[in-house]
Structures are given as C-alpha cells and as structure tokens.
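> Since chain E is already given, all that's left is putting chain F on it; use the hints.
Chain order of the listed sequences is E and F.
Using the working numbering, read the first sequence as starting at 1 and increasing by one per residue.
Using the working numbering, read the second sequence as starting at 1001 and increasing by one per residue.
In short, the hints are calculated from the structure, not lab data.
Misleading hints may appear alongside valid ones.
Heads up, simulated DSBU-like pairs for lysine-lysine below, C-alpha to C-alpha not over 30 Å straight-line [what the hints assert, rightly or not]: (1) F:K1102 <-> E:K157; (2) F:K1210 <-> E:K140; (3) E:K11 <-> F:K1102; (4) E:K11 <-> F:K1011.
Restraint ranges, calculated between C-beta atoms of paired labels, are given here [said to hold, decoys possible]: (5) F:E1225 <-> E:A198: 46 to 54 Å; (6) F:A1168 <-> E:A48: 34 to 42 Å; (7) E:A52 <-> F:D1248: 26 to 34 Å; (8) F:T1156 <-> E:P251: 45 to 53 Å.
To be clear about the criterion: a stretch of chain F counts as covered by chain E if any three or more of its residues have a C-beta under 8 Å from a C-beta of chain E, and this derived list gives those stretches [claimed, not checked]: (9) 1007-1020; (10) 1023-1032; (11) 1072-1086; (12) 1125-1132; (13) 1220-1232; (14) 1252-1262.
This structure is a prediction, so every number in the text was calculated from the model and none was measured.
All C-beta atoms, glycine included, are put in the ideal place defined by N, C-alpha and C.
Next come the chains, spelled out residue by residue.
Protein chains: 2
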Amino acid sequence: MFWLDGSLHEKPLQPFDLTDRGLTLSDGLFDTSLARNGKVFLGEAHLARFAAGAAALGIPLKIEAAAQALDALAGSISDGALRLTLTRGGGARGLRIPDDPKPVLFGAATPGRGELIFSSLALATTAIRRNETSVSSRIKTLSYLDAILANKEAQTKGADEALFENMAGHVACAATGNVFALFESRLMTPPLSAGVLAGTVRAFVLAQAKACGLEPVEQSLPLAEWLKADAIFVTNSLRLLAPCNALDGQPFASAEHPAIIRLQDALRAAVTAECGSF
Amino acid sequence: MFWLDGSLHEKPLQPFDLTDRGLTLSDGLFDTSLARNGKVFLGEAHLARFAAGAAALGIPLKIEAAAQALDALAGSISDGALRLTLTRGGGARGLRIPDDPKPVLFGAATPGRGELIFSSLALATTAIRRNETSVSSRIKTLSYLDAILANKEAQTKGADEALFENMAGHVACAATGNVFALFESRLMTPPLSAGVLAGTVRAFVLAQAKACGLEPVEQSLPLAEWLKADAIFVTNSLRLLAPCNALDGQPFASAEHPAIIRLQDALRAAVTAECGSF
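Chain E extracted, bound-state conformation (with noise of 0.2 Å):
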C-alpha cells in the first residue's frame, strides 16, 4: 500500500516528477518503522526523528502529514513495515539547492507477520568506511548505496550484513542498524558522532539498560575490541534487537545472553503496550 498526496493508493506507479531531486541526487531521507495491530511503535519518536533529519537538511518537512501518512498507512496493513520518504522535490539541473523548494512526501507499507524480530545475525565487516565527516551518516538519507554494496560484499562472505568501521578506525553501526555490545555489566554503543544514526530502538535500549541491570556507555571502540565483547547486537526498527551469532566468522552465543534477553523482554512489553498485542 502506498501513501501519497494525502490518500492511499494501492498500486506504486503514481506520476512523479523526473525532475525531482530525491530521484536525481538522493536529496532527501527516509523513516522506517514497525506497525503492530495497526499502530505505529515508537511512532512519536520517529516522527520527532524524521522532523529533525529534515530540518539538518533544510527540507521543510510538514509533521501533520507525515503523522497522518503513518496511521493511514499503518491501519491498512495492521502487521508490516512502514516507510516514510521525504524529498527535496523538483528543482533545476544542477546541485544548487533550489530557493523555494517544493518537498514531496509518500509513504509505503509491506505487511509482515514479523519475522524479522528478534531474529538472529552474522556480521562482516566491510572495506567501505562509514563516513562520519558528514553529517549524513547521522541521517537516515537517501544516500544510501554504500550500505547496498557493503551489504552484497557481507552476503558474498556468507553473512547476513555488513558491519562498517569508520574513517576513525572505530567500529560505527551495521548496514541497516545500530550496534552494541556487552562487556559484563557495560553495555556499549558507538556515539552519533562515530558517524551513526539516532536510532530509535538505539535511544530505547540505551533509556532501558539500567532497569535491566546495565551500564550503558556510549564509547568508539576498535574491532579488535569488539571481538573481545560477551555478546553483540544490531537494533533497528524491524528487528528490535537481532542478536549477533558470528562476526567475520568468530561465534557470539549473543541470543541467549541474559541480558539481551532481559532488552527483548522490555522491547516485548513496550510494543504491546504502545501497540495493544506484540
């Protein structure tokens, strides 16, 4: 199902402007987010997220459509996945951003039983390096390519993602997802600043980690380091929390590490309160 102009439409080929800068340039960002029961999880922080993605951009972003997009688009699949794209809109040749743009909102909705949470993954790191100079690898553009390819390169490996370090050196975030690990009682995620996305299962297991006997820290860390870690997960809106079973082909017993399952626990019981059933 898909959500453009204000209505829902059940096939994707709509008229859209060849000239429009999130199709030409990737001008533009993205929200991914899980519906459960026809509403949206962690639905509020993913608008305020997408809100200020645009506003870093400088797209003018209309909050009261995108909310209504969310709940159309989720009510008419109940169970799924939800995406909100917002473009820069049509414009001139060139990169010069345009004056007085016209942004371009749609949504899109792929129901799903969920199959995806919780569900375990095997990491590889990539050679691509997350680029934390720019301030887009803290976005959720449209820039997306270099997670493509890394992705391809993992799976050409016989993993299921790519795990990025950055120019630093450090280990930054997965291909489609924040990553943490666990040090004893230390839980420890990259900072924004190693070049990673404001993740909002990121922001609710950082906000859970003490009721769940954890330290959170966030921390930049080579791989080495993370090699040595007790367990390590990937959080992202589909997943909630996907334990790491290999990274670069080293094991992690991460699924039945206690306290992740502690996280799942929580992450269980906030979907169906927010949500009316998990």
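The following block gives chain F in isolation, referenced to the frame of chain E:
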C-alpha cells in the same frame, strides 16, 4: 525535454514506480553531457563510462537505448545539458539486490547557450571527506547528497564550489568535476584510486597534455601542495575546463595561464570537429 520508455515527453510528471530503488535507496547512476548543434560532445566516451559504471554496480543497461535517448534529447534542444539516469528499478523492501532487476532508464535535456563553458570558479575545501574506500566514489552514482551539502557549505564561504579532500588527506575532486594543478610544465591530477570519477573531459585533457607541451601526472597530493600550484582548474562536461580563480580565498590567475588557454583551445577545436560548431 524528457526521455522515458523509448520516447520524448515535454512534461516531467510521468508514471513512476514509488518502489524504484533509485528513488528509495539511490541505487543507480547518471551521466551528464554537453549538447552542441544537436550532437553530444564525447558521446562515445560518455556511453562507455555509463556502461562501465552500470556494470560495476551490476545494473543491466541496454546501451542502444541509452544512445537513442542521448541522440533524441540532443536533437530536441540543439544546445544544452543532457542527463541520463539508470536505476535498478522497482523492488521489494530492503537493501537486498533483486535477483531479476527491471532497470529504469530515463533522460532529461536542459537547453542553454553554454554560458558555463570555460567559466571561472572559486573553490573552497569542505569538512566532508571524499570516501575513496567505496567504489561509489569512482562512479557517478545517485548518492550525491554529500556533494550537495559540501557545495552549500562552500557557497556560505563565498566560493562557487566545494573541493574534497579524501580520507587519506589528499585532494580528490570538486563537487561536480575533476581537478588539475599545474606546476611549471607538470599537469597533475589525482588518480582514480583517490576516489574520483573517470571524467570524460579529464581523460581528454590527459590525452591532450603532451600536444600542449605538458607532462601529465596522476598523483595524490595534500592541500598544502595544491596551494603552491601555478594554476588550478576543474573539468566537467558542461564547463569543460573551468579555471580556478581562488582556493580557500587564495587567488590564482588560472584563466590567464598559457597552458590553460592552450587546453581550452584544444577543447574548442574538438567540440567544433565533433559537433560542427562550438
């Protein structure tokens, strides 16, 4: 004027798949070229590079369709800027590359009298580094947001265009073109491995250097060395060869440099020979 599905269209609003991966994930590439007198300057080189980029990304391209689009678009405006865009087409949600992609090719032509040709530029370095660890730094992909942001930063500094250094701390390229520096008779430009596009005018200039009394050298150098150059210029398909009149506020009398005038003469002669007029 626009080209889509084998024919020209006057209006940019066309039926387009909202799941197109070029639009949603910048999974695609483009090419910009110069039309003079209804013909494409360096047309064969543009098509060859477009095909090489598509092959590197694993996106099937019907080269005859691309050639037909370029010819039709050039004929439609006589003089101006042409753009071809190839995306991996529609697909299921997520990063995974479809097993059976349905690529989408479209084009646009913008009439113009060539006011950009040989026009001078002020450059300013940007805090955003060129990420030479990704093959996408050497292909004209749709992931162009960093160039937009870098150019905006350069313009707030009073310059016309951004100059990128790469992760290794060497000068790489401008936001919309390759860069060259003259040191006496040495004509220096960064190698492709520095994270730069294989520009068609870059290749032309390297091939013409000896006939213009210059020794072409592909070499990476830090910014401090560039600031000692006798002259600096940018090459791209619409400006052809743009003398740099300032870099980070330091003036350069590049437009008056005899070697640059000789290279511009060579370009003028080549356009005239290939297109029938300049």
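> Counting residues of the stretch 1252-1262 of chain F whose CB is closer than 8 Å to a CB in chain E, do you get three or more?
violated (count 0)
> Given that the stretch 1125-1132 of chain F was listed as covered by chain E, double-check it with a C-beta distance under 8 Å for 3 or more residues.
Answer holds; 4 residues pass the 8 Å Cβ test.
> Quick one: see if chain E covers the stretch 1220-1232 of chain F, three-plus residues with Cβ-Cβ under 8 Å.
violated (count 0)
> When you check the alpha-carbon spacing of K11 of chain E and K1102 of chain F, does it fall within 30 Å?
The hint holds at about 17 Å.
> Using the beta carbons of A1168 of chain F and A48 of chain E, state whether their distance is inside 34 to 42 Å or not.
holds (37 Å)
> Against chain E, does the stretch 1072-1086 of chain F show at least 3 residues with beta-carbon separation below 8 Å?
holds (count 3)
> Kindly confirm whether 45 to 53 Å is satisfied by the beta carbon distance between T1156 of chain F and P251 of chain E.
holds (50 Å)
> Tell me if chain E covers the stretch 1023-1032 of chain F under the three-residue, 8 Å CB rule, please?
Held - the stretch 1023-1032 of chain F has 6 residues with a Cβ nearer than 8 Å to chain E, which meets the minimum of three.
> For the pair we were handed, K1210 of chain F and K140 of chain E, check the Cα-Cα distance against 30 Å.
This hinted pair is violated, its Cα atoms lying about 46 Å apart.
> Take a look at whether the Cβ-Cβ distance between A52 of chain E and D1248 of chain F falls inside 26 to 34 Å.
Holds, since A52 of chain E and D1248 of chain F (Cβ atoms, about 31 Å apart) stay within the stated range.
> Does the structure keep K1102 of chain F and K157 of chain E at a Cα separation of 30 Å or less?
holds (26 Å)
> Quick check: does the Cβ-Cβ distance between E1225 of chain F and A198 of chain E fall within 46 to 54 Å?
Between E1225 of chain F and A198 of chain E, where Cβ atoms are some 38 Å apart, the hint is violated.
In summary, the numbered hints that this structure violates are 2, 5, 13 and 14.
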